[in-house]
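Chemist: If you want the building blocks of each chain, they are given just below.
There are 2 protein chains.
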Amino acid sequence: MTPTPPLILVTNDDGITAPGIRALIRVMNEIGTVVVVAPDKPQSAMGHAITIHDALYCDPVVVDKDAVQKEYSCSGTPVDCVKIAARQILGRKPDLCVSGINHGSNSAINVMYSGTMSAAIEAGIQGVPAIGFSLLDYGMDADFEPSLPYIRAIVAQVLAHGLPKGVVLNVNIPKLVHSEIKGMKICRQANAHWLEDFNERKNPMGKTYYWLTGTFVNEDKGEDTDEWALQNGYVSIVPTQFDLTAHHALQELNSWDFEGGEREC
Amino acid sequence: MTPTPPLILVTNDDGITAPGIRALIRVMNEIGTVVVVAPDKPQSAMGHAITIHDALYCDPVVVDKDAVQKEYSCSGTPVDCVKIAARQILGRKPDLCVSGINHGSNSAINVMYSGTMSAAIEAGIQGVPAIGFSLLDYGMDADFEPSLPYIRAIVAQVLAHGLPKGVVLNVNIPKLVHSEIKGMKICRQANAHWLEDFNERKNPMGKTYYWLTGTFVNEDKGEDTDEWALQNGYVSIVPTQFDLTAHHALQELNSWDFEGGEREC
Numbered sequence: 435m436t437p438t439p440p441l442i443l444v445t446n447d448d449g450i451t452a453p454g455i456r457a458l459i460r461v462m463n464e465i466g467t468v469v470v471v472a473p474d475k476p477q478s479a480m481g482h483a484i485t486i487h488d489a490l491y492c493d494p495v496v497v498d499k500d501a502v503q504k505e506y507s508c509s510g511t512p513v514d515c516v517k518i519a520a521r522q523i524l525g526r527k528p529d530l531c532v533s534g535i536n537h538g539s540n541s542a543i544n545v546m547y548s549g550t551m552s553a554a555i556e557a558g559i560q561g562v563p564a565i566g567f568s569l570l571d572y573g574m575d576a577d578f579e580p581s582l583p584y585i586r587a588i589v590a591q592v593l594a595h596g597l598p599k600g601v602v603l604n605v606n607i608p609k610l611v612h613s614e615i616k617g618m619k620i621c622r623q624a625n626a627h628w629l630e631d632f633n634e635r636k637n638p639m640g641k642t643y644y645w646l647t648g649t650f651v652n653e654d655k656g657e658d659t660d661e662w663a664l665q666n667g668y669v670s671i672v673p674t675q676f677d678l679t680a681h682h683a684l685q686e687l688n689s690w691d692f693e694g695g696e697r698e699c
Numbered sequence: 435m436t437p438t439p440p441l442i443l444v445t446n447d448d449g450i451t452a453p454g455i456r457a458l459i460r461v462m463n464e465i466g467t468v469v470v471v472a473p474d475k476p477q478s479a480m481g482h483a484i485t486i487h488d489a490l491y492c493d494p495v496v497v498d499k500d501a502v503q504k505e506y507s508c509s510g511t512p513v514d515c516v517k518i519a520a521r522q523i524l525g526r527k528p529d530l531c532v533s534g535i536n537h538g539s540n541s542a543i544n545v546m547y548s549g550t551m552s553a554a555i556e557a558g559i560q561g562v563p564a565i566g567f568s569l570l571d572y573g574m575d576a577d578f579e580p581s582l583p584y585i586r587a588i589v590a591q592v593l594a595h596g597l598p599k600g601v602v603l604n605v606n607i608p609k610l611v612h613s614e615i616k617g618m619k620i621c622r623q624a625n626a627h628w629l630e631d632f633n634e635r636k637n638p639m640g641k642t643y644y645w646l647t648g649t650f651v652n653e654d655k656g657e658d659t660d661e662w663a664l665q666n667g668y669v670s671i672v673p674t675q676f677d678l679t680a681h682h683a684l685q686e687l688n689s690w691d692f693e694g695g696e697r698e699c
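Protein chains in written order, with the working numbering: chain P, 435 to 699; chain F, 435 to 699.
Since the hints were made in silico from the structure, they are not lab data.
Careful: at least some of the hints might be erroneous.
Treat identical chains as interchangeable: a pair holds within one or across any two.
Stated by the list, open to error - Under the rule of at most 30 Å between Cα atoms (straight-line distance), these lysine-lysine pairs were calculated in the DSS-like manner: (1) K527 x K641; (2) K609 x K655; (3) K499 x K599; (4) K655 x K527; (5) K504 x K636.
Construct all of the structure, not just a fragment, from the sequences and the given hints.
Modeler: Right under this line is the structure:
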């Protein structure tokens with residue numbers, strides 16, 4: 435079904451020069467025709483933000499000399515990158531979109547805040563098979579080599595099977611050497627959240643400001659979650675959807691007396 | 435269960451002075467003790483973005499003189515507002531969080547981009563019953579009065595029943611006079627997307643830039659969707675979740691031969 439070679443859109447949220455996307459581009463060049471459209475600066479934690487009040491720039495750039503791929507640097511968010519790639523840059527719908535490799539985890543509730551995953555989700559909304567890859571190492575000197583065989587394997591399966599409609603993959607890779615990684619597990623998103631701790635300071639003019647910091651709290655004891663897999667040496671693969679309807683709650687809500695409440699008002 | 439009067443956090447994404455949030459505050463003052471923590475400027479389409487690379491300011495402000503509610507203006511995103519309210523401003527977990535009234539629709543896939551709904555979802559992540567309200571009128575002179583009886587009715591039901599764990603409500607209200615609104619419907623999120631059309635221009639230095647514009651495309655013919663309800667004169671109520679796991683896809687993915695793919699690499 436997929437033309438040979440597949441057209442692969444590569445993006446991320448750490449910015450077009452981040453080591454994680456450079457590693458991902460190298461692997462994708464083995465597999466297909468690569469076009470990179472990625473943010474011109476770090477865009478971590480931008481979630482599914484888009485740029486509607488500002489102009490967007492999107493310009494060809496050369497990051498690696500002798501590169502075979504075309505690359506475009508975009509002033510917007512990761513989701514903007516996918517939108518402008520699909521409708522302005524590529525000329526046709528890509529066969530695959532890969533986002534990352536993110537410097538840091540996007541497991542559990544982090545999927546909501548993640549620019550990396552929001553880019554993959556946006557590609558999924560547009561009907562493009564899409565995968566977000568994240569390594570559990572925030573360092574700019576992170577070693578991406580142990581991730582690469584898993585990325586190759588997952589991309590091969592997605593190109594072979596396609597993905598179910600409305601589903602993209604959230605892949606997280608533990609910070610381990612290759613021999614320590616036990617394999618891959620299909621998981622559900624762990625039920626976890628951040629407990630924020632705002633760091634209060636005074637600026638030089640004496641005005642109070644805050645830094646957002648926090649502690650990750652995993653309330654989920656299940657052994658079928660991404661958190662369990664990662665803590666036990668596995669690459670986690672979570673099928674992720676953008677139909678946010680809580681279908682299981684429709685029946686209960688339909689038993690409520692909304693109209694009675696309205697009549698009383 | 436809920437203390438009397440309930441502590442109600444009010445936020446939005448159009449900014450603390452927007453007519454929509456002022457209308458919502460007036461209604462919430464009828465129901466409980468209101469604290470407003472809202473963005474100091476428009477933050478539409480910010481999705482679930484949070485501020486991690488910048489300082490956050492959050493200061494008491496007086497928007498309405500003689501107001502009974504406390505109000506704080508925050509330099510961050512709608513999600514930042516909920517986080518700083520919960521952990522720095524309120525002193526305890528609120529009994530309810532309401533977000534809006536948004537100037538414009540957050541139905542269907544718009545839930546992903548919406549700062550209004552991301553604020554409600556963030557409250558839900560923190561275990562607070564939460565509702566996002568949106569009126570299908572982008573005008574700053576929008577008439578919020580016909581929305582108010584529905585907001586009262588929905589809040590009354592949520593305070594009476596609580597909400598199922600992991601579920602918040604996405605409420606959209608058609609742009610109609612009260613007599614034309616037929617009632618409320620519990621709906622699923624319609625399968626729809628935006629078809630972007632990038633408006634290309636040159637800046638005064640001759641450099642190309644783009645404005646993100648687009649057309650909303652609803653592919654969903656179902657009569658149980660939010661889009662159907664709104665187009666047929668009903669207020670739509672979609673139970674919305676932040677477990678993005680595509681549970682229905684777990685079985686299929688588990689049949690794939692990921693490890694075989696890895697061995698070949």
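Chemist: What label fits K527 with K641 when the C-alpha limit is 30 Å: within, between, both, or neither?
Modeler: between (49 Å within a copy, 26 Å between copies)
Chemist: Between K499 and K599, at a C-alpha cutoff of 30 Å, which is it: within one copy, between copies, both, or neither?
Modeler: neither (38 Å within a copy, 52 Å between copies)
Chemist: Given a CA cutoff of 30 Å, do K504 and K636 count as a within-copy pair, a between-copy pair, both, or neither?
Modeler: The answer is between: 23 Å across copies meets 30 Å, while 46 Å in one copy does not.
Chemist: Is the C-alpha distance from K609 to K655 at most 30 Å within one copy, between copies, in both cases, or in neither?
Modeler: within (21 Å within a copy, 46 Å between copies)
Chemist: When no copy is specified for K655 and K527, does a C-alpha distance of 30 Å or less occur within a copy, between copies, both, or neither?
Modeler: between (40 Å within a copy, 24 Å between copies)
This entry does not satisfy hint 3, going by the numbered hints stated previously; all others are met.
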